[in-house]
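Peer 1: Number 55 in this note's numbering belongs to position 55 of the sequence shown; there are no gaps in the numbering.
Because the hints were derived from the structure by calculation, they are not lab data. Positions of the beta carbon are idealized from the N, C-alpha and C atoms, including for glycine. Check the hints yourself; a few may be wrong.
Said to hold, decoys possible - Derived DEER-like restraints, expressed as beta-carbon distance ranges: (1) Ser83 with Val156: 16 to 22 Å; (2) Gly73 with Leu160: 22 to 28 Å; (3) Gly52 with Ile25: 20 to 26 Å; (4) Gly47 with Pro123: 18 to 24 Å; (5) Trp64 with Lys143: 23 to 29 Å; (6) Arg16 with Thr48: 31 to 37 Å; (7) Leu160 with Arg77: 22 to 28 Å; (8) Val156 with Ala60: 17 to 23 Å; (9) Arg155 with Arg16: 28 to 34 Å; (10) Gly47 with Arg139: 37 to 43 Å; (11) Gln154 with Gly32: 40 to 46 Å; (12) Leu66 with Arg131: 21 to 27 Å; (13) Arg131 with Val76: 18 to 24 Å.
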Amino acid sequence: MTALPQDEDRHGPGVRLHPPLIFGISILCGIGLDNLYPLAMPYGFHGTVYGGIIIMIAFAIGMWALLEFNRAGTDVRADNPDSALLVSGPYRFTRNPLYIVLTLVQITAAVWLDSLWVLLLTPMSVIIISRYAIRREERYLEKLFGQQYLEYKQRVRRWL
Numbered sequence: 001m002t003a004l005p006q007d008e009d010r011h012g013p014g015v016r017l018h019p020p021l022i023f024g025i026s027i028l029c030g031i032g033l034d035n036l037y038p039l040a041m042p043y044g045f046h047g048t049v050y051g052g053i054i055i056m057i058a059f060a061i062g063m064w065a066l067l068e069f070n071r072a073g074t075d076v077r078a079d080n081p082d083s084a085l086l087v088s089g090p091y092r093f094t095r096n097p098l099y100i101v102l103t104l105v106q107i108t109a110a111v112w113l114d115s116l117w118v119l120l121l122t123p124m125s126v127i128i129i130s131r132y133a134i135r136r137e138e139r140y141l142e143k144l145f146g147q148q149y150l151e152y153k154q155r156v157r158r159w160l
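Make the full structure from the sequences, and use the hints.
Peer 2: Put into structure tokens, the structure is as follows:
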């Protein structure tokens, strides 16, 4: 975690559509497609056991990431300004642990609902979130933290 200099621009990254909504809309579209033309998950990969395992992993990553936001005293929402660059906790391994969590939530929904459609729409959610939110956030963080963020980007992958 690195504190933001007092004179830096604090306008935020310009992400107005809350990222969980993107994944939620995708899940709802998958449910709608499944109602029109049901496609079950392959190889019996569905149910509460598999879904429970995935959601527990997502929950653990999410809580770890939120703890880092809390420690840094910065806001987790993508539509609010950042006051610190997070580089510890899960941010040592991925620049976007909370987007990984949202991706795992969509996969969990597919497994719980036994809906291949929900799973097949997951890559679309990732592409949209990458183009809509992540690109804006990265441009904002580059402007806000400069060389420090560029070095962080060199060390840590966007996803995994």
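Peer 1: Please check whether Gly73 and Leu160 have a Cβ separation lying inside 22 to 28 Å.
Peer 2: Holds - the Cβ-Cβ distance for Gly73 and Leu160, about 27 Å, lies within 22 to 28 Å.
Peer 1: Looking only at beta-carbon atoms, does the pair Leu160, Arg77 fall within the given range of 22 to 28 Å?
Peer 2: 23 Å, holds
Peer 1: Taking the CB of Val156 and the CB of Ala60, does the distance hold inside 17 to 23 Å?
Peer 2: 19 Å, holds
Peer 1: Just tell me: holds or violated, for the beta carbon distance of Gly52 and Ile25 against 20 to 26 Å?
Peer 2: 24 Å, holds
Peer 1: Taking the beta carbons of Gly47 and Arg139, is their distance inside 37 to 43 Å?
Peer 2: 41 Å, holds
Peer 1: Is 23 to 29 Å right for how far apart the beta carbons of Trp64 and Lys143 are?
Peer 2: Hint holds: Cβ distance 27 Å, inside 23 to 29 Å.
Peer 1: Look at the Cβ atoms of Ser83 and Val156 and judge whether their distance stays inside 16 to 22 Å.
Peer 2: Cβ of Ser83 to Cβ of Val156: about 20 Å, so the range 16 to 22 Å holds.
Peer 1: Between Gly47 and Pro123, does the C-beta distance stay in 18 to 24 Å?
Peer 2: 23 Å, holds
Peer 1: Is it true that Arg131 and Val76 lie within 18 to 24 Å of each other by Cβ?
Peer 2: For Arg131 and Val76 the Cβ distance comes to about 21 Å; the hint holds.
Peer 1: Taking 28 to 34 Å as the stated bounds, is the beta-carbon spacing between Arg155 and Arg16 within them?
Peer 2: 30 Å, holds
Peer 1: Could you say whether the range 40 to 46 Å given as a hint is met by the Cβ separation of Gln154 and Gly32?
Peer 2: 41 Å, holds
Peer 1: Hint says 31 to 37 Å; check whether the CB-CB distance for Arg16 and Thr48 agrees.
Peer 2: 35 Å, holds
Checked against the numbered hints given earlier, this structure breaks none of them.
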